[in-house]
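Counting in the UniProt record's numbering, the sequence shown runs from 1 upward without gaps.
Check the hints yourself; a few may be wrong.
[Claimed, not checked] The list that follows gives simulated cross-link-like pairs (lysine-lysine, DSS-like), each with its CA atoms no further than 25 Å apart:
1) K309 to K231
2) K249 to K368
3) K328 to K204
4) K204 to K98
5) K355 to K98
6) K204 to K324
7) K390 to K328
8) K309 to K324
9) K195 to K98
10) K317 to K328
11) K324 to K340
12) K216 to K40
13) K141 to K309
14) K390 to K337
15) K281 to K368
16) K195 to K183
17) K249 to K383
18) K40 to K249
19) K183 to K368
20) K204 to K183
21) K249 to K340
22) K231 to K368
23) K109 to K216
24) K109 to K2
25) K368 to K216
26) K231 to K183
27) K340 to K309
28) K309 to K281
29) K324 to K308
30) K231 to K40
31) K231 to K2
32) K355 to K195
33) K281 to K317
34) K337 to K383
35) K317 to K141
[As the list claims (entries may be wrong)] Have a look at the derived ranges for each label pair, beta carbon to beta carbon:
36) S79 to N378: 38 to 46 Å
37) N342 to A126: 40 to 48 Å
38) A126 to S237: 22 to 30 Å
39) Q169 to N342: 49 to 57 Å
40) R282 to E95: 53 to 61 Å
If you are wondering where the hints come from, they were derived from the structure by calculation, not from laboratory data. By construction, the Cβ of each residue, glycine as well, lies at the ideal position given by its N, Cα and C atoms.
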Amino acid sequence: MKIEHWQTSEGSDVYFVENHDLPILDMSVGFPAGAARNTKATAGLAGVTRHMMSLGAAGMNEEDITNAFADIGAEFGGSLDADQAAFTLRTLTSEKEKAITVFNKVLHKPDFPIAVLAREKTRIIAGLQEAATQPESIANKAFMQALYGAHPYGLPEEGEEETINAITQQAMRDFYQQYYSAKSATIVLIGDITKSEAQTIANKVASGLPQTPAVKALPAVNLPVAANEQKIPHPASQAHILLGYPGVKRGDLDYFPLYVGNYILGGGGFVSRLTEEVREKRGLVYSVYSYFIPMSELGPFQIGLQTKKEQASEALKVVNDTLKDFVKNGITDEELKAAKSNITGGFPMRLDSNKEIMGYVAMIGFYKLPLTYLDDFNQEVNKVTAAQIKDAFNRRLNLSHFTAVIVGASD
């Protein structure tokens, strides 16, 4: 796949894939304005800022913005994770000028209307109160806090009641100016336009963004120095268990050995070791999984499962024993062959629409991965050896310093 890359005069990175199969343009604009840019006192600000940008801009209210896109059949969206805030647009090429005009108003001239902020605070706080009763939400929040401590990855993405209440219009304006800088923007354009059209569109996007300094990198993650187990009471009949360790960054040299190895350990669904040991042999769970989430800094390696309260300690022991055996003794040639076949066979399916391709190209752009990442993916998977997997898991996971959170453990 040919991905073209250049920078605008403002310093925005542009990634372009020309494809005239359908008369459609997909675009996304991403910023290092994710939840890890919050502080303890401002938890939730990144998400509220991104969401509020689409609820009033350049004098248009929320309904005006929604209708302007709907009238021309355009789809507008947004997302936020710890690293990144992003906006997306899908439009017929024939309507692209109108669609991009509205899209740029949202990016360039957010109004952050005070009345809408008050309404959104009420909605978000109701959601936080509901989440505080749900074992899965409790487990996720406690796990990230326990794993990352004072690092911003440990902050609750949605915020806390008191930090949401404290958000002001000025705080959102300041956050926007600092983190939505043209110098740090990643613009992705895919579809039915020429390169010169892509350059014109990208220049319009970049020129209207805050011309503030490039956003600094996040602090490095400190590795845990001891094991940490938290048991949180909950009336649910099932115990929710999460355990893990800081894993990998995007672009990490160990990524492919860890990715393929984890497919065998717990990423491959019913063909994984964890499923075999915890579900098939012992019937302790319906599902158990493991994954690495690569991020700007070390994202989590996480194992998750649910089981009956009275079986929680047994299930956790089986998981730990399976993990220890995997790290100590490695994998078989048969397991490696099957994993490679499943991963490489399924990879083209992930690239069967422009929207999916856009997601991958946006990832390549934001994390500064090689432009050949998608073309090289299967080749990199096939190069992985059993020895590399064993070596990577041994170096990267200190099993004696794992974090475990059990919500609803039996007394």
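Here is what the structure says about each hint:
| no. | hint | in the structure |
| --- | --- | --- |
| 1 | K309 to K231 | holds, 12 Å |
| 2 | K249 to K368 | holds, 12 Å |
| 3 | K328 to K204 | violated, 55 Å |
| 4 | K204 to K98 | holds, 13 Å |
| 5 | K355 to K98 | holds, 20 Å |
| 6 | K204 to K324 | violated, 54 Å |
| 7 | K390 to K328 | holds, 8 Å |
| 8 | K309 to K324 | holds, 23 Å |
| 9 | K195 to K98 | holds, 19 Å |
| 10 | K317 to K328 | holds, 16 Å |
| 11 | K324 to K340 | holds, 23 Å |
| 12 | K216 to K40 | holds, 18 Å |
| 13 | K141 to K309 | holds, 20 Å |
| 14 | K390 to K337 | holds, 15 Å |
| 15 | K281 to K368 | violated, 43 Å |
| 16 | K195 to K183 | holds, 21 Å |
| 17 | K249 to K383 | holds, 20 Å |
| 18 | K40 to K249 | holds, 23 Å |
| 19 | K183 to K368 | holds, 14 Å |
| 20 | K204 to K183 | holds, 14 Å |
| 21 | K249 to K340 | holds, 22 Å |
| 22 | K231 to K368 | violated, 39 Å |
| 23 | K109 to K216 | holds, 23 Å |
| 24 | K109 to K2 | violated, 33 Å |
| 25 | K368 to K216 | holds, 15 Å |
| 26 | K231 to K183 | violated, 44 Å |
| 27 | K340 to K309 | violated, 36 Å |
| 28 | K309 to K281 | holds, 19 Å |
| 29 | K324 to K308 | holds, 23 Å |
| 30 | K231 to K40 | holds, 23 Å |
| 31 | K231 to K2 | violated, 50 Å |
| 32 | K355 to K195 | holds, 19 Å |
| 33 | K281 to K317 | holds, 14 Å |
| 34 | K337 to K383 | holds, 11 Å |
| 35 | K317 to K141 | holds, 23 Å |
| 36 | S79 to N378: 38 to 46 Å | violated, 27 Å |
| 37 | N342 to A126: 40 to 48 Å | holds, 42 Å |
| 38 | A126 to S237: 22 to 30 Å | holds, 26 Å |
| 39 | Q169 to N342: 49 to 57 Å | holds, 50 Å |
| 40 | R282 to E95: 53 to 61 Å | holds, 57 Å |
This entry does not satisfy hints 3, 6, 15, 22, 24, 26, 27, 31, 36, going by the numbered hints stated previously.
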